[in-house]
Amino acid sequence: AQSVTQLDSHVSVSEGTPVLLRCNYSSSYSPSLFWYVQHPNKGLQLLLKYTSAATLVKGINGFEAEFKKSETSFHLTKPSAHMSDAAEYFCVVSAYSSASKIIFGSGTRLSIRP
Amino acid sequence: DAGVTQSPTHLIKTRGQHVTLRCSPISGHKSVSWYQQVLGQGPQFIFQYYEKEERGRGNFPDRFSARQFPNYSSELNVNALLLGDSALYLCASSSGVLAGTDTQYFGPGTRLTVL
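In order, the protein sequences belong to chains Z and B. Heads up, this note's numbering is the position in the first sequence plus 1297, with the first residue counted as 1. Heads up, this note's numbering is the position in the second sequence plus 90, with the first residue counted as 1.
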């Protein structure tokens, strides 16, 4: 069985400060893990993905995430927040190759204070 | 290059009616997946089609069906609409059959409201 838990429904940070969005997963298989971002009235955009290569994954717009098997975590970070980062972020876990086992987290809304 | 397109953008239906949503994948992509996103929740997988064959099905009732055409576009059909079907329906395309590991590209969605 697979599951994904985003530990914070809402995170608020000041512009220029670090961002941390937390994600824990559970998977019976070697998982693939993704982070997607959804801006208001726009489709989901892939930020980064982990598929059993390097455990530190770099994505677009300065985001990165580290796969920690011992902690079953895949937290998303960014050193310095920008106003344009305000959006909804989804952590996704999937079993190898199976579309029916793609599980989205409930989302974390990121707000940026000026 | 055009991204994934979906039509219509918004739709209002009444309970018991039928609805058809349409999706055109990125050129060259042969896989289309459908997701339902209820307000305040993450998307939930409904179907995946690859080369016109169903490759995956989520936990949705038989009122939901889909198909893929020779040009790889796809339709999602929902019969006997319920209030709980109100949601944003997302379509995603990818190049290969491995939707679980491939990068998926999402369309802007169709907002369905059932009254």
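Be aware that a few hints might be false.
Claimed, not checked - Taking lysine-lysine and the DSBU-like style, the derived pairs with C-alpha atoms no more than 30 Å apart in a straight line are:
1) B:K142 with B:K103
2) B:K103 with Z:K1339
3) Z:K1339 with B:K142
4) Z:K1355 with B:K120
If you are wondering where the hints come from, they were derived from the structure by calculation, not from laboratory data. Computed from a predicted model, the values in this text were never measured in an experiment.
Cross-check of the supplied hints:
1. At roughly 28 Å between alpha-carbon atoms, K142 (chain B) and K103 (chain B) fall within 30 Å of each other, so this suggested pair holds.
2. A threshold of 30 Å between alpha carbons decides the hint, and for K103 (chain B) with K1339 (chain Z) the separation of about 22 Å falls inside it, so the pair holds.
3. Distance restraint check for K1339 (chain Z) and K142 (chain B): the Cα-Cα separation of roughly 27 Å lies within the 30 Å cut-off, and the hinted pair is therefore satisfied.
4. At roughly 27 Å between alpha-carbon atoms, K1355 (chain Z) and K120 (chain B) fall within 30 Å of each other, so this suggested pair holds.
The structure fails none of the hints (numbered hints given earlier).
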